[in-house]
Amino acid sequence: MRVWLSHHSYALLLALKRLSGNPFPSLLSIIVIGIALSLPAGGYMLLGNLQSLSGHISGSPQLSLFLAMDSKPTDVSQIGSRLKQHPLVSSFKFIPKDHALEQLKQGSGLADVVDSLSQNPLPDAFVINAKNTDPIVLDRLHGEIQKWPKIDHVQLDSSWAKRLDSLLTLGRLAVLMLAILLSFALVAVTFNTIRLQILTRLDEIEVSKLIGASNGFIRRPFLYFGAIQGMTGGIIAWLIIALGIYLSNNALADLAALYALDFRLQHLSSRDCMSLLLFSTWLGWMGAWLSVTSQLSQIETQ
Amino acid sequence: MISFSNVSKRYPNSYDALTKVSFTIDSGEMVFVTGHSGAGKSTLLKLIGAIERPTSGSVIVNGQNVGALKGGAIPILRRNLGLVFQDHKILFDRSVFDNVLLPLQICGFDPKEASGRVRAALDKVGLLSKEKVKPITLSGGEQQRLCIARAVVNRPSILIADEPTGNLDSDYAHEIIDMFRSFHQVGVTVLIATHDAARLGGSQDRILALDHGALTV
Chain A
3 MRVWLSHHSY ALLLALKRLS GNPFPSLLSI IVIGIALSLP AGGYMLLGNL QSLSGHISGS
63 PQLSLFLAMD SKPTDVSQIG SRLKQHPLVS SFKFIPKDHA LEQLKQGSGL ADVVDSLSQN
123 PLPDAFVINA KNTDPIVLDR LHGEIQKWPK IDHVQLDSSW AKRLDSLLTL GRLAVLMLAI
183 LLSFALVAVT FNTIRLQILT RLDEIEVSKL IGASNGFIRR PFLYFGAIQG MTGGIIAWLI
243 IALGIYLSNN ALADLAALYA LDFRLQHLSS RDCMSLLLFS TWLGWMGAWL SVTSQLSQIE
303 TQ
Chain B
191 MISFSNVSKR YPNSYDALTK VSFTIDSGEM VFVTGHSGAG KSTLLKLIGA IERPTSGSVI
251 VNGQNVGALK GGAIPILRRN LGLVFQDHKI LFDRSVFDNV LLPLQICGFD PKEASGRVRA
311 ALDKVGLLSK EKVKPITLSG GEQQRLCIAR AVVNRPSILI ADEPTGNLDS DYAHEIIDMF
371 RSFHQVGVTV LIATHDAARL GGSQDRILAL DHGALTV
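So the protein lines, in turn, are chains A and B. FYI, my numbering numbers position 75 of the first sequence as 77, with every residue one higher than the one before it. FYI, my numbering numbers position 129 of the second sequence as 319, with every residue one higher than the one before it.
Please keep in mind that the hints were generated in silico from the structure rather than gathered at the bench. One should not assume that every hint holds.
Claimed, not checked - Calculated pairs, EDC-like style, for lysine to aspartate or glutamate (alpha carbon to alpha carbon, straight line, at most 20 Å): (1) Lys236/B - Glu302/A; (2) Lys260/B - Glu208/A; (3) Lys279/B - Glu206/A; (4) Lys19/A - Asp361/B; (5) Lys279/B - Asp77/A; (6) Lys322/B - Asp283/B; (7) Lys324/B - Glu146/A; (8) Lys324/B - Asp77/A; (9) Lys149/A - Asp77/A; (10) Lys99/A - Asp114/A; (11) Lys279/B - Asp205/A; (12) Lys236/B - Glu208/A; (13) Lys95/A - Asp167/A; (14) Lys302/B - Asp288/B; (15) Lys99/A - Asp77/A; (16) Lys19/A - Glu332/B; (17) Lys236/B - Glu146/A; (18) Lys279/B - Asp114/A; (19) Lys322/B - Glu206/A; (20) Lys236/B - Glu206/A; (21) Lys320/B - Glu332/B; (22) Lys314/B - Asp361/B; (23) Lys260/B - Glu302/A.
Claimed, not checked - Simulated coverage check for chain A against chain B, where a stretch passes if three residues somewhere in it have a Cβ under 8 Å from a Cβ of chain B: (24) 5-16; (25) 209-222.
From a predicted model like this one, the values you see are computed outputs, not experimental measurements. Where a beta carbon is used, it is the ideal one built from N, C-alpha and C, also for glycine.
Please construct the entire structure, taking both the sequences and the accompanying hints into account.
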């Protein structure tokens, strides 16, 4: 245990010394890694925000039921009682046409236009909350109600949310592909950094091996180096995203205000941040491992 | 402790460096390996440290067949040997102290205990006052002593030196040999390759003489 500890603290110290001994190249590789990571991680952050936005607005999907213009109060009460008994409907609200017109007048700033109308162009309407938010069930409910008498039109409010959802799925796929490609780039960057280091330390490796160093002993400082570089790159990526959020949030707040929304970008959750750091550390370690292993086997065959 | 039986070594596309060499060295012996340049002295020493592997025959060190050792066992064998290389193999990017510290770091010593041992080893070879300097500023003899300190810091049971007096003048060479003798006196098995055993060896020392890869004495 003490030997293990001493080996690892030695390797860690050596890796830190090598990093700080060559600050400029180290910094450049770390920044490259940080930028490469910030692209997919930033994309992921944006997707998460968009998703929370869509969830925020649509909540549970609603059905809007517009009655025919010639429907009478008896039709309204009949439909009301049918909805009350329907197993898939959890609640509903009746919006009489006069009320709807009043809302339109107040909300849209079209008061003058509305006042100039000779008669109310709006139909009576019901807004229904379904018990089940499964799109298939909603579609069935939609189709069923559509066939009832005196129903002019049924609007499923979740359809735009569904469109956004499939767009988000597409976006997630794009982010995933970007992440995979840039992960390779990160491994490649680390691979080369470590390869150069090994080439400048061939003497040290040779002497160490001659006086009894195992491959593990030689490999360890390089692995630590790769892991630290990866982790620092992950922190840089986090900072880049934080800066991006900070810079765009003011502009976004103005934009959101125009749509009467309270929307600000949120940074990655602490769990996602941990994943980002662990993943970047692992990638750095991986690149270093590949590099050292291939270099050591080359040295051994010489 | 060290036993060669019918050991031959042929380098690829080259001559036979050693042919059918057999001998046994007991624990605590002091042995000179002599012979002209190219007689196979270095090859013989390299076989003991598993730096080269025999083409045929067996090399037994501390009961282990060195030629058949798996990759992972070689480092452990080498940690029990003190090797002084012909070309020194000093690391010039670190201080004298750190050069001697390296074998202890490889074995995973506690840093405090390690630095005590390093100072003791440097003291034994008379370099304690130069522990902080870079090896490039040392003279040839001092570099040789640095190598010896690095070889003995781990307190090995076998000390192997390849031409440790190579480019040193006579006085200095005797000083170095005396240093090896003092290690021998505390029970270390010492094996020294030199082309000049006549000058350096005492009458009581055992000599293995090589001629074109074959043992003559």
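Structure-based check of each hint:
no.	hint	verdict
1	Lys236/B - Glu302/A	holds, 16 Å
2	Lys260/B - Glu208/A	holds, 18 Å
3	Lys279/B - Glu206/A	holds, 9 Å
4	Lys19/A - Asp361/B	violated, 42 Å
5	Lys279/B - Asp77/A	violated, 101 Å
6	Lys322/B - Asp283/B	holds, 12 Å
7	Lys324/B - Glu146/A	violated, 90 Å
8	Lys324/B - Asp77/A	violated, 101 Å
9	Lys149/A - Asp77/A	holds, 14 Å
10	Lys99/A - Asp114/A	holds, 18 Å
11	Lys279/B - Asp205/A	holds, 8 Å
12	Lys236/B - Glu208/A	holds, 14 Å
13	Lys95/A - Asp167/A	violated, 27 Å
14	Lys302/B - Asp288/B	holds, 13 Å
15	Lys99/A - Asp77/A	holds, 14 Å
16	Lys19/A - Glu332/B	violated, 28 Å
17	Lys236/B - Glu146/A	violated, 90 Å
18	Lys279/B - Asp114/A	violated, 95 Å
19	Lys322/B - Glu206/A	holds, 19 Å
20	Lys236/B - Glu206/A	holds, 19 Å
21	Lys320/B - Glu332/B	holds, 10 Å
22	Lys314/B - Asp361/B	holds, 18 Å
23	Lys260/B - Glu302/A	holds, 14 Å
24	5-16	holds (count 5)
25	209-222	holds (count 10)
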